[in-house]
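Visitor: Next come the chains, spelled out residue by residue.
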Amino acid sequence: MSEPAEFWRQAMAQGMGKTAFLVALGGELLKFDKGIGRLRLPYSEKLVGNPETGVVHGGVITAMLDQACGMAIGSALDTPMGMATLDLRIDYMKPATPREDILIESECLKVTREIAFARARAYQTSIDEPIAIATGTFMLMRFAAAEAR
Amino acid sequence: MALLNAGGKSDPNAILRTVPYCAWLGLAARAEGDALILDMPFDPKLIGNPILPALHGGVVGSLLETAAIVQTIWETGSAKLPKPVDITIDYLRSGKAVESHARAWLARQGRRVVSARAEMWQEDPAKPVASFRGHFLLG
Numbered sequence: 000m001s002e003p004a005e006f007w008r009q010a011m012a013q014g015m016g017k018t019a020f021l022v023a024l025g026g027e028l029l030k031f032d033k034g035i036g037r038l039r040l041p042y043s044e045k046l047v048g049n050p051e052t053g054v055v056h057g058g059v060i061t062a063m064l065d066q067a068c069g070m071a072i073g074s075a076l077d078t079p080m081g082m083a084t085l086d087l088r089i090d091y092m093k094p095a096t097p098r099e100d101i102l103i104e105s106e107c108l109k110v111t112r113e114i115a116f117a118r119a120r121a122y123q124t125s126i127d128e129p130i131a132i133a134t135g136t137f138m139l140m141r142f143a144a145a146e147a148r
Numbered sequence: 000m001a002l003l004n005a006g007g008k009s010d011p012n013a014i015l016r017t018v019p020y021c022a023w024l025g026l027a028a029r030a031e032g033d034a035l036i037l038d039m040p041f042d043p044k045l046i047g048n049p050i051l052p053a054l055h056g057g058v059v060g061s062l063l064e065t066a067a068i069v070q071t072i073w074e075t076g077s078a079k080l081p082k083p084v085d086i087t088i089d090y091l092r093s094g095k096a097v098e099s100h101a102r103a104w105l106a107r108q109g110r111r112v113v114s115a116r117a118e119m120w121q122e123d124p125a126k127p128v129a130s131f132r133g134h135f136l137l138g
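Going down the list, the protein sequences come from chains A and B. Following numbering that gives the first Met the number 0, the residues of the first sequence are numbered contiguously, the last one being 148. Following numbering that gives the first Met the number 0, the residues of the second sequence are numbered contiguously, the last one being 138.
One should not assume that every hint holds.
To be verified - The calculated BS3-like cross-link candidates involving lysine-lysine, where the alpha carbons are at most 27 Å apart (straight line), are:
1) B:44 x A:17
2) B:44 x A:30
3) A:93 x B:82
4) B:44 x A:45
Claimed, not checked - Covered stretches of chain B, as calculated for chain A (at least 3 residues, CB under 8 Å):
5) 41 to 52
6) 57 to 70
To be verified - Some residues of chain B that are not near chain A, with every Cβ distance over 12 Å (derived):
7) 27
8) 76
9) 105
10) 111
Honestly, the hints are just simulated from the structure, not real lab data. In this text, a Cβ means the ideal position worked out from N, Cα and C, and glycines have one as well.
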């Protein structure tokens, strides 16, 4: 991999790692490497979607899976580009256990000129017992054209 | 905790205030004719793309999923929060740094599973930001 590509990857990792909503949720970037992303979300009371059980809201999982898919794609690019989610499909396999961290592992499947594809899994104790899995399609935007959408 | 009224129509705003994540997002419900509309005020913490700027895709998803949940409780009188089984979100436009709105409807209501649709818009209801469909298990 050329040095400029590595430079841009680190710049993208820093920028995407500081996404306002990711920071607000309390999520952190653990890995950003050539098509692979890993994120952690510590449990927090404000994320609860069911006050009777303490289970986090599905929207929190959606946000982390969306972010992780975007990061897997961002880390696969050789030059920085803007990104917008086109389509996100999520299957909720089981509720998250309250008061435990949630981990997200994501993978970029394919990058074309305009579009990129990724998938991600949210889990706690084992990646083989996912809380949720996601498939996402993203539009890529060269920065000069970012205003057009 | 008696979160919802069994049987009768529950107060959507009481639900939104009791669910910490919905309160944190500042969600509020209002009736417009027969429809239930959810409003989400803009806040800088909701940004996912600082360059455009645009709302985070997960914020859009959260508002839509909540609209579907509240609508399901509203229509079924379910005493428990419906559990999401699967959801699909179509992102049609980037969400701007302004107030957002969403409404949902039930495409099919079975005994155990509900198929819901929802749409989110901002200044112009004719220009949806995202459309949503999902299945929910009734409690």
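Visitor: Under the criterion that the straight-line Cα-Cα distance not exceed 27 Å, is the pair residue 44 of chain B, residue 45 of chain A satisfied?
Guide: 14 Å, holds
Visitor: Minimum Cβ separation between residue 76 of chain B and chain A greater than 12 Å?
Guide: For residue 76 of chain B, whose nearest Cβ neighbour in chain A is about 17 Å away, the distance exceeds 12 Å, so it holds.
Visitor: Is the hinted pair residue 93 of chain A and residue 82 of chain B satisfied, with a Cα-Cα distance of at most 27 Å?
Guide: 10 Å, holds
Visitor: Is it the case that residue 27 of chain B keeps its Cβ farther than 12 Å from each residue Cβ in chain A?
Guide: 16 Å, holds
Visitor: Grab the minimum beta-carbon distance between residue 111 of chain B and chain A and tell me whether it stays above 12 Å.
Guide: 15 Å, holds
Visitor: Are the Cα atoms of residue 44 of chain B and residue 30 of chain A separated by 27 Å or less?
Guide: 23 Å, holds
Visitor: Confirm or reject: residue 105 of chain B is not an interface residue toward chain A, with every Cβ-Cβ distance exceeding 12 Å.
Guide: 17 Å, holds
Visitor: Are residue 44 of chain B and residue 17 of chain A close enough, with their CA atoms no more than 27 Å apart?
Guide: Given pair residue 44 of chain B, residue 17 of chain A holds - Cα atoms ~11 Å apart, limit 27 Å.
Visitor: The stretch 41 to 52 of chain B covered by chain A? Criterion: 3 or more residues, Cβ-Cβ distance below 8 Å.
Guide: Check passed, 9 qualifying residues.
Visitor: Three residues or more, CB to CB closer than 8 Å: is that satisfied between the stretch 57 to 70 of chain B and chain A?
Guide: holds (count 7)
In the structure shown, no violation is registered for any of the earlier numbered hints.
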